[in-house]
Each structure stands twice: as C-alpha cells, then as structure tokens.
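Enquirer: Dock chain B against the given chain A, drawing on the hints supplied.
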Amino acid sequence: MNLRTTDLPVAPPVRGRTPLVAAGFGIAAMLMYFAGIFGVYLKERAQVRSEGSSWIPDKVTIELTQPGMVIWTLLISIFVMQWAVYSIKRDDRQHALLAIGTTLVMGAMVLVQTAWHLSQTNLIADEGPTTAATLIYTIVGSYVVAIVIGMIILLLTGFRTLAGQYGSQQTDGVVAASLYWYSLVFIYFIIWIAVFIAK
Amino acid sequence: MTENQTETESNTDESASRPLELGGLAGTFGTTDHKNIGKLYIFFGLTGGLLSFVLHFLVRIERVNIGGTSILDFGSSNQFFQTWSLSRTSLLFFCVVPLILGLATYVVPLQVGAPSIAFPRAAAGAFWAWLIGIAIHVVTVFSDGGLGVPEPVTQFAQGMDPEATELSILSIAMVVIAILLASVTLITTIITQRPQGMTLFDLPLFSWSTLVATGIWILTLPIWLGNLMIAWVDFKGDDALRYGNVSNIWDQVSWLWSQPMIFAFAIPILGIAGEIIPVSANQTQRQYVFQQIGIGALGVLSFGAFAQPFFNADVGNQAVYVGMGLIIVLPVLAFFGGLLDTLAKGTPKISAQLILALISMLSLLVATSISALHVSGPALGAIQEIDSDWLGGIINWLKDLQGTVIATAVMEHALIASILASIAGLYYWSPKIFGIKMNNNVGILAGLSIFGGLLLSGGSNLINGFLDEGESVYLSNAYEGVWNQGAVEFINVLGLIGSILLIGGISLTILDLIISVTLGKGDTENAGNPWNGHTLEWATQSPPPSGNFDEPPIVHSERPLFTSGGMEQ
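These protein sequence lines are chains A and B, in that order. Residue numbering for the first sequence follows our numbering, starting at 1 and increasing by one per position. Residue numbering for the second sequence follows our numbering, starting at 1 and increasing by one per position.
Just so you know, nobody snuck in bad clues.
In silico EDC-like links for lysine to aspartate or glutamate, alpha-carbon gap of 20 Å or less: (1) Lys43(A) with Asp251(B); (2) Lys199(A) with Glu44(A); (3) Lys399(B) with Asp314(B); (4) Lys349(B) with Asp523(B); (5) Lys43(A) with Asp314(B); (6) Lys89(A) with Asp172(A).
Label pairs and their calculated CB-CB ranges: (7) Arg17(A) with Val289(B): 22 to 30 Å; (8) Val300(B) with Gln82(A): 29 to 37 Å; (9) Gln165(A) with Thr32(B): 13 to 21 Å; (10) Thr32(B) with Phe186(A): 28 to 36 Å; (11) Gly24(B) with Phe186(A): 43 to 51 Å; (12) Gln318(B) with Gln82(A): 37 to 45 Å; (13) Trp72(A) with Pro552(B): 43 to 51 Å; (14) Val493(B) with Phe186(A): 55 to 63 Å; (15) Gln120(A) with Pro162(B): 28 to 36 Å; (16) Gly24(B) with Val144(A): 35 to 43 Å; (17) Thr32(B) with Lys59(A): 51 to 59 Å.
Think of the hints as simulated: they come from the structure by calculation, not from any bench. We put the CB at the ideal spot given by N, CA and C, even for glycine.
Chain A on its own, in the form it takes in the complex:
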C-alpha cells in the first residue's frame, strides 16, 4: 500500500499544557523520592547522634571544594537554561540551542565533579561500611541518575529544537525541560546543606 502524507489523519490540536503538566507530576514524583531518602537519612543521623556516636566516621573527611563547585555550576546553569527559554520564546533557535548545549556541558561537569568527590571521600575504605556511607551513596547515586535523565531530556529537547518543533508558538517542551533542570538544582542544594555542610 502506498501511503502519501495527505492520507494521514490530521494531527489533533496540540494542547499547550500537556508537557508542562506531565513535567510537573514527574518532578513531584522525583521530589517525593528524594524527600523519602532525606527523611530516612535525617532520622537515622539523629538516632546515631543521640546515642553519642559520630554520624560520619572520624577518619572520613568530606571535602567541600567539589560540592561547592557543583553548586556554583548548577546555579549558573539556571541562568543558562532560562536563556534557552528566553530565546525560544523569541524564535531565536540558534541561541536556544547554544544555551541547551551549554547546560548539557554543565551537567557533564556536575557528573565529573561528583564522581571525583566520591572517589576522594572514600567513605568506606578506612572504616568499613557504615549506614552513613550507604545513605550518602544512595542519595548521591540517585542524584547522578537524575542528572543523567535531565541530560537525556535536554538532548531530546535540543534535537527537537533543531528540527523546528519548538518556537514562539510552542515553547512547552523547552519550559518543561527547564523546570526539571531547576528542580535538580533545588535537590542538590538540599544535598549540599544536609549531607555535605551539616555532615
């Protein structure tokens, strides 16, 4: 059967809110995931400290240089991602792509710095496994997965922008990707304070 483009059905009208609403619920699910793990972390930490023990083993030193670099990288990425939204709303695909690409690079930087930080901290080498190490690895590992998912979303958004799917008439995909990215920055801010600063 030969199918021509004109044989295909007319696409239903795109509802602008759909990607945004789905992104909202996806972000809510991710926030609840991290809220659950943080809840366990803080509860267990309080329990250990109330018994007079130290939560992070004494021989383990958590450096703050890399987390500090990560938080600055992520804070800058907020402006870069907003630049993408600003550009796409003005049909400036070139700058939108540039901004999305820069955010992707920043995501890669976060991954590298996080991996380096974990290898330097060496949570279990000196003291053996601890519940603190388990929970920190779970939190940071989950965050790395969330960043990778964010980078995949950015990559897809970039390709779709390149293909002309997004423009001033249809910005929802880029806005949804940016919302997800902002939520990642928010989560790292909590990790930075609750895990690395407060220890």
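Expert: For chain B alone, coordinates are given in the frame of chain A:
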C-alpha cells in the same frame, strides 16, 4: 453483526482517513492505542490474580497446621516466606494495580472525550516495563530470590541466591517506575485532554477517582522506591549492615501493604461503583460534588508514606496514624450512603456489575471499619483518664491487636474489594471494550464466589487476630501466646476454604472472558449503550474507532448523556 459494526462499515470515507492499525503480533507489541494497552493490562491482571490466589492458597494450607510439621514441606521457613511475600506483591502489583490501570487506560480517555491518552508511547512503554518487571520478579522469587528472609540468620544461610535477590529488588523497582509512568500519562490526560465545557467538577466519578488515586501514587510510590534503593545499595556492599540485610528488607517495604497506605489502591472502587450504581438505578447521582469530596478525602487519608514502622517503631501509637485509621471509614460510609440513596430513589436493574459494585463497596466499608478497630487501642489509651482496671485491660487488649493478623484482614478486604470493583467494571464496560456483553449469571457467580472467599479468608484473619495469631505467620514465634491453638487452626481451615473460593471466582471471570469474548459466544446485541450509560464513553461506537470520537464533544454536565442538553452533538 452489531449495530456498531454496521455504522463503522457504512462510514468508509471516515475510516480511510484514520491511522493505519497493524494486526497480529506487530499490532500487539507495537500498539500505542490506549484501548489495546488497557486490554493487555486487564488480561495480565486477571492472570496475575489467579497466580496470587494460588499462592494465597498455599500459604493458607501451611497455616492450617501451625503446631506441627510443615504440610507442604516448603523446605525452610525462607521458602514459606518467599511464597507468603510473593502472594502479597503479586496481589498488589500483578493483579490489583494492572486491573485498575487497565480499566483506567481504556476508559478514562473516552470519559474525558479525548482522542487518545496523553503520551501514548510512554503509556505503552509503561505497560511493557511493568510486564517485564513483574515477570522477572516472579521468576527470581522462585529462583531463591525475593525480598529477604524472615528471621535474623546469616545471609544466604538458607539457600538464598544473592543475584536472584538483587534482581528481585531491581525488578520490583522497575514495576514501580512503570506504574508511576502510567500514572503520569493518566493524570495528564484527565487534566489536559478534557473537552470544552467539562470542568474538574464535571468529571465522571471513575475519572475523578483515577485522578485522586494516581495523584496519591505519584506522591507515595517514589518514597517506597527510595526504600528499595537504600536496601539495594546496602545489599550491594560487601557487608550489608542494616537496610540491605536480608532479614530487614521486607520490614522496610511492608508499609505499602499496611493501613493507611493500602487504601490508596482502593480509591478507584468508589469511582467504579459511582459509575455503575446511578446507571443501574437510572438516576443521576445526588450531591455529586460531595461524592467527589468523599473520594478526595479517602485519597488524603490513605497517604501512608509516613507510617514506616522500620524507621519509626512507635508510629502505631502516634496521633496522625491513629486519627487517620479512625476516620478513614467516614468518607467511605458517606459515599456508600449517597450511592444507596440514589439506588433507593431509582428503579434498579439487577445485573452482575450492580451486585459486584455493591459488594465491593461493602467490603471496603468493612476494611475501613477493621482499620478503625485496629487503632482503637491507642486511641482509647490517649484519652484514658479514668483510673479503672477493667478499662485499662480492654485498652491493653485492643492495643495488642496491632501486630496480629487483623492487619492482614484489612489488607485482604481492601485489595480484594478492589478486585471485585475491577471485575464489576469489566462487566459494565465489556460491551464498550469488546463490543460483547459478558455473561451476567457467570459474573454474579464469580462475584459471589470471591465475596464468599473474602468473608472466609478475611473474616478468619479478623477472628484469629482476636486470638493473637501474629501477622508474620512465617516466623516461628508467630503463634506464641495464641489463646487457643485448636481454635486458630480450625478458623484457618475456613480461611483455606475461602482461598479456594477466591481461586474459583477469578477462574470463572477468566473463563467467561474466554468464552464470551475470545470465542465470541457473548451477547453482541445493543452493545452500543446497553445500560443507558450517562458518560461520554457511551457516546461513541463500541468498541470505539481509532481516535475515539468523530468530532470533539462539547459537554455541559457531569452526566452528558443523561441530562437533557448535557451534550452538543
């Protein structure tokens, strides 16, 4: 040939402009049509129900002879625990959830007048991820995996396989992620795909209950996923300390099967009954908004992610938990009262779906009542100011109910009520889904069989709870301190008969589906709108064409097909 088929064939010009549908295996594996995905969920959900009831039967056999040797000779308490825990995980994730998702995936886009589900490829991906995940989980549990071992023993001393255990954890995580993805597609469909004129307060009750249920799942299941991931990370370490220790894994995740969280999987019962009963009575539902509030209240009161005894051992005595357990019966009672009022004012036609809807509501009401009883000890203890020995004795006796099989009775009533409601929905919407009415008498028989099974199985757990049979029946100390071992064993025989009835009921439903639908023996007359349904899904052909509606509908009431002027053609 049905009236609807005639309509379809006479409209060849329109069908030519619809998307090309593939048949056979390519159509099954490659489908993104929400109707096909819904049917696949329902088929596998019923299959999973049969598996979980068979496992339930095996556990019940073992519980008949609690003092003596193992009847089935499971080989170890670990194997008994694997069967017990798989009966729970499969009942929830392999039966109740897919049945709800199946009906919702099929019906909700139709009820909200949408041409498709939002993100159809994500919905299809969610289904296949769920199916693969649950299949891997079942296989790994049978391969000496599972979610831990019951007693504090040396890791893998009882023949557990570490790779299979790890795969069990990861596969059930995959199932949860799939359910979350399916939930996002459904809730997005409801919020963004509604037709002109349909506000959230005009949503059909089933769609409203799906909105509430998926919302609660999105807010709670990720927390459960977090528990799993913590256990997995610890398990992967060289020496699991706490979370990944095999004797702790189940304790961390068991809150999903406990009150109040278990009621999050019962929310759609209200929606299904809220569709069927007014239609059967040929009446509009009075106080519609209050019915919606009732469903919303059940959703709020079922948010149970905070009630994790592993991390908060005293949660059973805390005010929020106790309060939620006490008042959760109220929205169910009010909702059921509203439905009975509608039924009494109408001219009800007895049908399988009506009987199933009524008994599912009744079962849920019993579940929430037992939940209130379950927390009544701490509740009375909190207000105990009377210096009375007998009152203190009663309170202590009620407090001791926590940790007994009464918790199992709550779970069984809530989940089996969900199965009853799903089967009610299947009989109600079968003309829409398949273009064929399923056999009414078989439906009644199946419903009564499952209800009888629930009365015996759930009832025996309730009574044995008063006799102090421990909830963790797989533990060697579960029967220490029971009041009368002979009585407990006798009552467990009744529970065993109940599990046979459960298997019989689900088998009858599957058999009816095969005979009526697959073999085409069912009634195809007047399949378009045989019950004079009130909601939008009945405004299109049965089964609906690709794209669902020829024209986007415009509605002006929550019952557009019932109310005069409720819908613009």
